[in-house]
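S.K.: With chain D fixed as given, assemble chain S onto it according to the hints.
There are 2 protein chains.
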Amino acid sequence: MRDVSIVGIGQTDVGEHWETSLRHLAFHAIQAAMEDAGRPVIESMYIGNMLGGQLSRQLHLGPLVADFAGMRGVEAIRVEAADASGAAALRQAYLAVASGTVDTAIAVGVEKFTDVVGSERAAAMASTLDADYEGAHGATPVTIAALLMQRYMHEYGVDLANFAGFSVNAHANGALNPHAMYRNRLKAEGFVAAPVVAPPISLFDAAPEGDGAAAVIVTTTDLAADLVPTPVRIAASAAATDALSIHDRAKTLHLQAASISAQKALDQANVSVEDIDLFELHDAFTILAALSLEAAGFASPGEGTNLAVDNAIRREGRLPVSTFGGLKARGHAGGATGLYQIVEVALQLRGKAGDNQIADARLGMAQNLGGLGGTAIAHILEVTH
Amino acid sequence: MRDVSIVGIGQTDVGEHWETSLRHLAFHAIQAAMEDAGRPVIESMYIGNMLGGQLSRQLHLGPLVADFAGMRGVEAIRVEAADASGAAALRQAYLAVASGTVDTAIAVGVEKFTDVVGSERAAAMASTLDADYEGAHGATPVTIAALLMQRYMHEYGVDLANFAGFSVNAHANGALNPHAMYRNRLKAEGFVAAPVVAPPISLFDAAPEGDGAAAVIVTTTDLAADLVPTPVRIAASAAATDALSIHDRAKTLHLQAASISAQKALDQANVSVEDIDLFELHDAFTILAALSLEAAGFASPGEGTNLAVDNAIRREGRLPVSTFGGLKARGHAGGATGLYQIVEVALQLRGKAGDNQIADARLGMAQNLGGLGGTAIAHILEVTH
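Protein sequence lines correspond, in order, to chains D and S. The first sequence begins at 20 in my numbering and counts up one residue at a time. The second sequence begins at 20 in my numbering and counts up one residue at a time.
The following block holds chain D by itself, in its conformation from the complex:
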């Protein structure tokens, strides 16, 4: 198995891009990544996308995006794992290079929400749940996350205010990120008083859906050294699944797939959680931030919110998370989110994170969840310079 490194990253702003189509969003991210990598020859492309079929009536993104990006002919395949599609695309690109089949591959995540608004979009989002046992009964991801959060608060005696730090931190970091969807700061008092979407989840708790695209180019670590000044090595890549519905899980408040994928990644990288300098987690809702910290081993069960309360998750804290705003403030770009996470960890490790830079970043983890954790994909990145 060959060692793999990242040599190019690109991203568009996350937001409401009414006048930019799905293919154009992907194109902009690909061009930025190609520019960043010095325009290497790409042999295969993996495209992470969640809702193109339902919102844009566009499947078969492989040939569409490859051709539009000027790469007609290359192998190009879409992968879909709900909102973990972005990390899934990176994992396939990683496997393609690791296997020796190709030397250089690109993972592209793209989501275009604004082709549709209103209930049709909510119905599309619900198709990431179990259609027969959840979607058909009116459940959506936010309503299921609300049940999870209620249970957490009940089980562990945790107050709503304890979750505020996740959103406050995300917005503080998003305010410095020129690509972020929301650049306003948020106060803890605002969090607990925000208009409720599905109790106890409020507007300031749920991440906003935003159009966007991000791209990452990978090649062998041997080749990477000649291409760019600071290759970012993929020290680990791991994926796992859980029951799709939370009502089917052995322990409702344990994200089993997140736990398995994080542990596998730590084992593969031969490091422990103490070695991780930053963690881009999947804060689609603050409850998922808390549960992700617990599943990955950064906190014990019921103590995930402590890291927010203690300010450990801030840029200057013990374990910075959502350093560019996370899903909450940078915006949740669906099937692109997992690659935004990777782009952001890579920027931190390169020391090119600008105002969002954290100190001494050498080893970073990103974990992308699909839905309420039915899928979890973890990557650990490192620089050795």
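Be aware that one or more of the hints could be misleading.
[What the hints assert, rightly or not] Covered stretches of chain D, as calculated for chain S (at least 3 residues, CB under 8 Å):
1) 91-100
2) 115-125
3) 139-153
4) 310-324
FYI, nobody ran anything at the bench for these hints, they're computed from the structure. The C-beta atom is built at its ideal place from N, Cα and C for all residues, glycine as well.
M.R.: Then chain S, alone, in the frame of chain D:
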């Protein structure tokens, strides 16, 4: 890169399974493949599916199918490349094993058409075309295929009757296959007189959409020898893309992706077209059968229909195709079709094809197309016993 072999295959009947859901279809194929392989431990699953989001309101098939099949926890990802999704799933499973990341993986193709009928289904099928430049104007795969066929007949002076042999052969073979959707035989006179769908494509030319699922288990060639009596080696796996729309292509009548992927596969297997004992091609329409034969190098441009006219494609002919009925008679199970092709080649190479058996099958090729050839994925399988 590790050598990879097939150790388990499974399929459901193709047809209108009104009372069988998407997950149940997948389950049945997986169970059959597991039984066939002696129930090895599966480490990762790739699911090829095209229209689950639009027809069944079900995305995120990875955790849903893995859990329902009793494999909760394993890595499980959906791949989508229109109706080439099945072969794309096999290719990802192949890469996962080849890379050394996992020892054993399963590729599952599943499509459930009968959750929706009528124009909504036609609209969903159109999302495999270019939504902005084709779908929005009312084009569907069959109308684009009709333009392609008209152009072929005009350019090469070929009569409609010359295409009849593809459907006649498919139905002759489908009549012997207990899993086939259509088991009636067809006469050449019937082909030219059939009700027209989009001129010159008739009911007896276009493959029927059928619910179905197929699964293939792969492991390293080293491990395979201990698991099953007749492992089928994947001698080659290759994928390529073309412009999604035929109006964008350099040569309208040349399936460039099919040509590239076939040539790459032949090179990887280190064989030539003369060595191929059977070819499971993507006969969604007879024009695609003719163009596939030309693209892969079995016929010169404009001479693809000659193999049908000369009966070379029959089971006892020089190059048997659609040996279990092909898309036309076995049925076109969307994102499962590419894995039906692989199952069928494997059965031939094992010498277990029953009434459909061809003589001396040692090297078989399968090529799965997405849409009108925007994606093409070729596999070459061999037995060495």
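S.K.: If a hint holds in the structure, say so; if it doesn't, say that too.
M.R.: Verification of the hints:
Counting residues of the stretch 91-100 of chain D whose CB lies closer than 8 Å to any CB of chain S gives 10, which reaches the minimum of 3, so the coverage claim holds. Against chain S, the stretch 115-125 of chain D contributes 5 residues with a C-beta closer than 8 Å to a partner C-beta. That satisfies the three-residue criterion, and the hint holds. Remark: the stretch 139-153 of chain D is confirmed as covered by chain S, as 9 of its residues place a Cβ nearer than 8 Å to a Cβ of that chain, reaching the required three. Three residues within the 8 Å Cβ limit are the bar, and the stretch 310-324 of chain D against chain S gives 0, so the coverage statement is violated.
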